[in-house]
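Make the full structure from the sequences, and use the hints.
Protein chains: 4
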Amino acid sequence: MTRTVTSFDGKDGPSPFGEFFADAEMVEATGNRAFVAAMLVFEADLARAQASCGLISHEIGEAIAACCNPDAIDRHELQRRATLAGNPAIPLVQLLTETVRRKSPEAAPFVHFGATSQDVIDTAFGAMAASARAIIIARSQTIMSTLAGLADTHRASVMPGRTLLQHALPISFGLKAANWLGSLLLPFQRLRGTTLPGGQLGGACGTLAALGTDAPAVRRALVGNALPWHTNRAGFQALSADLGVLTAALGKIGHDVSLLMQTEVAEVIEGAAPGKGGSSTLPHKRNPVHAVAITAAAIRMPGLVATMLSAGLHEHERAVGGWHAEWETLRDLLRIAGAATFHAERLLAGLEIDTARMRANLDLTSGLVMAERVAFALAEPLGRSAAKTLVEAACREAIAGKRALRAVLADKRLPAAIDLDALFDPAGYLGESDPIISETLARWQALQR
Amino acid sequence: MTRTVTSFDGKDGPSPFGEFFADAEMVEATGNRAFVAAMLVFEADLARAQASCGLISHEIGEAIAACCNPDAIDRHELQRRATLAGNPAIPLVQLLTETVRRKSPEAAPFVHFGATSQDVIDTAFGAMAASARAIIIARSQTIMSTLAGLADTHRASVMPGRTLLQHALPISFGLKAANWLGSLLLPFQRLRGTTLPGGQLGGACGTLAALGTDAPAVRRALVGNALPWHTNRAGFQALSADLGVLTAALGKIGHDVSLLMQTEVAEVIEGAAPGKGGSSTLPHKRNPVHAVAITAAAIRMPGLVATMLSAGLHEHERAVGGWHAEWETLRDLLRIAGAATFHAERLLAGLEIDTARMRANLDLTSGLVMAERVAFALAEPLGRSAAKTLVEAACREAIAGKRALRAVLADKRLPAAIDLDALFDPAGYLGESDPIISETLARWQALQR
Amino acid sequence: MTRTVTSFDGKDGPSPFGEFFADAEMVEATGNRAFVAAMLVFEADLARAQASCGLISHEIGEAIAACCNPDAIDRHELQRRATLAGNPAIPLVQLLTETVRRKSPEAAPFVHFGATSQDVIDTAFGAMAASARAIIIARSQTIMSTLAGLADTHRASVMPGRTLLQHALPISFGLKAANWLGSLLLPFQRLRGTTLPGGQLGGACGTLAALGTDAPAVRRALVGNALPWHTNRAGFQALSADLGVLTAALGKIGHDVSLLMQTEVAEVIEGAAPGKGGSSTLPHKRNPVHAVAITAAAIRMPGLVATMLSAGLHEHERAVGGWHAEWETLRDLLRIAGAATFHAERLLAGLEIDTARMRANLDLTSGLVMAERVAFALAEPLGRSAAKTLVEAACREAIAGKRALRAVLADKRLPAAIDLDALFDPAGYLGESDPIISETLARWQALQR
Amino acid sequence: MTRTVTSFDGKDGPSPFGEFFADAEMVEATGNRAFVAAMLVFEADLARAQASCGLISHEIGEAIAACCNPDAIDRHELQRRATLAGNPAIPLVQLLTETVRRKSPEAAPFVHFGATSQDVIDTAFGAMAASARAIIIARSQTIMSTLAGLADTHRASVMPGRTLLQHALPISFGLKAANWLGSLLLPFQRLRGTTLPGGQLGGACGTLAALGTDAPAVRRALVGNALPWHTNRAGFQALSADLGVLTAALGKIGHDVSLLMQTEVAEVIEGAAPGKGGSSTLPHKRNPVHAVAITAAAIRMPGLVATMLSAGLHEHERAVGGWHAEWETLRDLLRIAGAATFHAERLLAGLEIDTARMRANLDLTSGLVMAERVAFALAEPLGRSAAKTLVEAACREAIAGKRALRAVLADKRLPAAIDLDALFDPAGYLGESDPIISETLARWQALQR
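Chains as they are written, first to last, in numbering that gives the first Met the number 0: chain F, 0 to 448; chain P, 0 to 448; chain L, 0 to 448; chain B, 0 to 448.
Heads up, a few of these hints could be off.
Identical chains blur together in the list; that is why a pair holds if it fits in one copy or across any two.
[To be verified] No farther apart than 30 Å at their CA atoms in a straight line, the calculated lysine-lysine pairs in the BS3-like style are these:
(1) K275 - K401
(2) K387 - K275
(3) K401 - K387
(4) K411 - K401
(5) K411 - K387
(6) K387 - K102
(7) K102 - K275
It should be emphasised that the hints constitute simulated quantities derived from the structure, not laboratory data.
The structure is reproduced here in structure tokens:
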């Protein structure tokens, strides 16, 4: 009944989705080849660690290590055997052993000596996670630097602040950029600070029993002070969650940019590039591309983070499914978070900002957006209640008569101290925007130290 | 700053995870090549539909259709362009147009005429989903047939029924198999019955305006009576949910088999095969493999189903991210549900069942598992309260004295009508197991008609 | 160490979130009292079923049924005992038995006779789900009727179609409403059509063994032809998924309304009501409220649907955790889907539509939104390539010179047959909007029959 | 059309689920009353902060603060108004203002002065989160202390280590407990170390503009150095994720205990208590209760964590739905994580451990579980390959002949140095169990310092 398993992925060819969810750098760090290479690094390191403490001879150790070359392994054969073996380590060890046996028969029995499949695979995932994290951190730093620059540059670029998608009060684009930056600080800090799972070495049951009295020395040489963590998935879960929070914060940026790019708003626009963001049928369109990719990444992450947590109910000393469910999920999490940074870096580097349009949009409410300020200014001479009543009536009058609030108010008898010109200047009602920007930049600086 | 995008996936080689989560047949149906091929089928069908109603000439239609060959498209170039284009349809149309132009310059302007990117991509996903569903349905039928056979064969194979992982009452293995089958009936029925999204044809904004007065005829020829569904994602969401429910039901089977395979239980075991289920270090182990893969699939699906639902908040006539988040997610859902059926088919076909061990395990509680029956039998002569009191006391005595409940009861004065031999025969206390099995089989038969 | 468990919820008082996520009607159907009442209905029905087939006397049956009154049960005591008992059925049966014993001592031993905790609880959830579904279906019908009316009324209300949040082509608001309606058809149909889990009766292990030879008659009388479904969770999972898809479709409506209410767009606005949608500090704002609640509901559902699927890996004949994880989750799903319908009904009933603003917004692109149409019109006299080149150049000129596309084109030599006035009338470029609306309405009509 | 909204929750009475998912202490910290109280603390603190820097008079500040009493607010009225208001802060401010007006009319206009709804609500959630975290941390410490004790006490309690639910090698129960403890270290550390969102004060648009020149002083007095975080949800997301990882680690403990409690395994059992863990129909059962509750909690968390991440795509300066979706979700996350700790504390405190059964279960494989050790011991005299071949043959012989592996080997000619008695003593093959336990305990000690 069982159909012959044929290899496929290697012949399935390039992804039609380009680098939308997995950019070349991330694939290099987390791809199929990278994974096999990382498993082989484990086997080489294990052999060398065992040689270093005399468990095997130096020659045997080097003979094994010399064969740990991903290009010397038949990865199609590995793929074929992996299904029934139940995991990729078993066929890897078989294939590596065959290779070693051909070159140094006496070394063959010492391949993978004392280790278990999960030792190899978890260590390989740990290494891929570390590489991917480094890329993501580096990109995040670029992103945050760009945001810091935008925040500083646009301290005075007034624009409508929008709550529930309604104009509320003036803010500056600098404040918006600072808030984007501010949302990245905690996930960046956590992502950078969290302890990634180190190398895994536990042997069949997490006791390293097979290594006998050499176990402490081999363990120290191979994984330092890491304890076996076969069923302790907190490290990968925490990493996944950190990536999830980071991507959510990036997603908010992408989402905001899409909203700001709306035809009706048009305050920012993604930078143009040949072949970028056109429509297949509408000549006038300039679609968001990076913003869309970031948003899509943010939509995809939560379900994957949930899977990493759900997978955590490992049975006893090795799970029946929970561990296996992590494999591709963790890789997807790394790639998609990586893609979010890939696109965010490009989005922000090329962002075109139309400060004139921002200022102009503030007038869309004919001054209503300044009503709060006027009410507070009138509170001093008139008392808070009377001021509020007066301004609310003026707002209603302005809306009903389709007039500017300023004009309506100018018709009224207002205390002499009231300077409508000044009150209706949105630049004068940015409140704490400036110190908030400065404080956010300072925190970002502090994080970099 | 922007690094050159290099192609990667096609060079990344075979997956080290074998067919654990994506078997060859599913990859053939849903892989990168299949997707490009499906997009080209759309373009060919569109051209032919337009020719059939006279919008373009027959020659132009055939000239376009003739170029719609996935092997004539430079898929690496497609990959390179897709990232900045924002989706794979734009570069596909470009590349196809270039090909057509070389062969029939006059046909080139009519490639993709009146359609939009989402028309191509959604139609291609719909086609892949239909292929994948057909595979999954066929496999499910095999799985259900096997289960029906197990249910029928093992009507009398008594074993412990376990609630909260404690022995509760006797059941038969046939009943367990019937319950596994029963859980598949609804998802199978829904999956088979649900209306998959048909072809998509809406043009830039879902109005087909570009096709002018030919729109109705082209639409009818291409997609039948399907209405444009650019922002109507219920079809893919419903499919995803159905796959999720199906996989959950399969996952329960895998989970149960893993539990039944426990060293302490040993009532069933996965069939052996060369290279299957060994340990990389322990010679005596025979690990579950298919059961593990099914369980892992069931752990992975819920997060992906959630993503399909989360992605549904499409903006206006075309989403900024929600649609894009569906792409790989839907493909993963199809593949992982497919993998669950792939492994379940193999698991059940090879399942080794140890009915002697099942019977023997029933004795592990020294007869306590029959206590309910004895209490009910004694209720007639003694009254329910007195019977319950007597049996509970006997149970306590049996546990405290580490004796068999039957022996404890034999020491007591029981009404003459009480036949302990008969009462302690688990085969006599299977209740409605048999009619439940029969009724489940009948429902399964009815579904097949 | 164990602190005394005190009752709390009943004293915790009203929810500060009002009916945002759980409206009064849904709480009445799915609340704590409703659940206890539903469990008691099971116990009464069970006793009557057993009396009807002579397993117990008519008097005993009625004596039990008479005590099945939620107000006669000390629900605080039930709460106190439920934690350690492990589920609410055990203390319910205890309390009910105590009540029965006080009134008819001889009936007490027959309370809950032959049933298991899960029989009671699953049946109660099934009943609550049925009530909640009926409410949701009724509301959905109102919602869909309102949408049908909007679609029909606004066939000619032209507005910008927006893809990726950019103006693309003209559509009508009627088409938008029809598309909203169209997205509800499938989930409505599935929700209405799906088979809800019927009553549960399986006894301790799903075999009904305790009921002896009366089992078939009791089962028929109590649950009709339903088979025990202790570990078959497909019914609740399918219901949850259907609610998830329905809520996603409603969420898209809420999301669109929020976007259409933007200060810059202002094409629709939620109806005003006293105490509705104000800002705690800004006098001029009119915030979306129902739209926000619907969107929030749509954000909350996917995670809960995922939980229902994840919970499905039940162990053997009764789960250790998976079943328990369903309880509050299912209730939340029912309530939140209910809330989505509650708010959607009110949102749409009160929606204020500004067709003048819709028409005016179409001019924001100075005619670029009509570029596709002009290019297609010019294709006939000039050929498609020349037409496209000409229009693209005109678009660039219009954008660069900040002129209307129509004016730019008027300056050019165009074939005499070209009537720019007609071409730039968006009402003439709605394509298949009208038939799509009609067909959608027809499908909705057909569903109601 | 709009039905009158009636209050309900306060009359819906006690939860039939007892403290399964929300224990009394957590409800006290996060319940409806607690939430209203926390919102009022914000209003009182705000008034006092404004008085402290002279923005309002000391009398007015105290007059407002004096009214901030949850029992003086009509919470049913608050509930009634909250739905249409769109959030609970608006009616709270209304009701509070009415109360203040009755007592000190001149203070009424200064209630909530310069703040926005989200300031109140986010601050209240932050306070509830802080209370809940403190409870969870305290309970986690108790749990970890108990685990440390178990790990230390049971260093020599040998038991089968199980991988993929198959016996693999001997471990000690102390190692299992140490591994449970080890999995808690990272989530505990992160949960304790993460920066919770502080008080929120941003005013309508996050600029504090309404507070004018007093803004810095009010901000400092009220929230210290916290910057407005209206759209920065990383704090709550990170907290949610930490709770998710912690609960997953607890869930693994619950899951393991359920597995160890299986009738066939019976190595540990939950402590008995009156009214605990009985079956409603089977007298002999002793069901897991706390283990089940923990597992159920672990199943429920991932979906909720995903929701917190999905909700993060806030629009501009205040979200249309994303923020609202957080409210009940965050509360559920706190309660369910709290419940996991509640039940884990009780589970571990009462755990009964049967070390004799553990030792006896090791013999279930008739010595096969020691095969790896024998093979390694024979490798020295015979060489690794010969040793492996010999042992594998002996294993096959033992399995086929249903003999003990030790007996099979005793029949063979083995080198004199081979001491089968010693080799088959599982206590001698625990490898690094002891140092791993010690190191884990040391890390736990270090965390407490």
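Handout entry: Contradicted hints - numbers only
Key = Going through the list in order, the structure violates no hint and respects every one.
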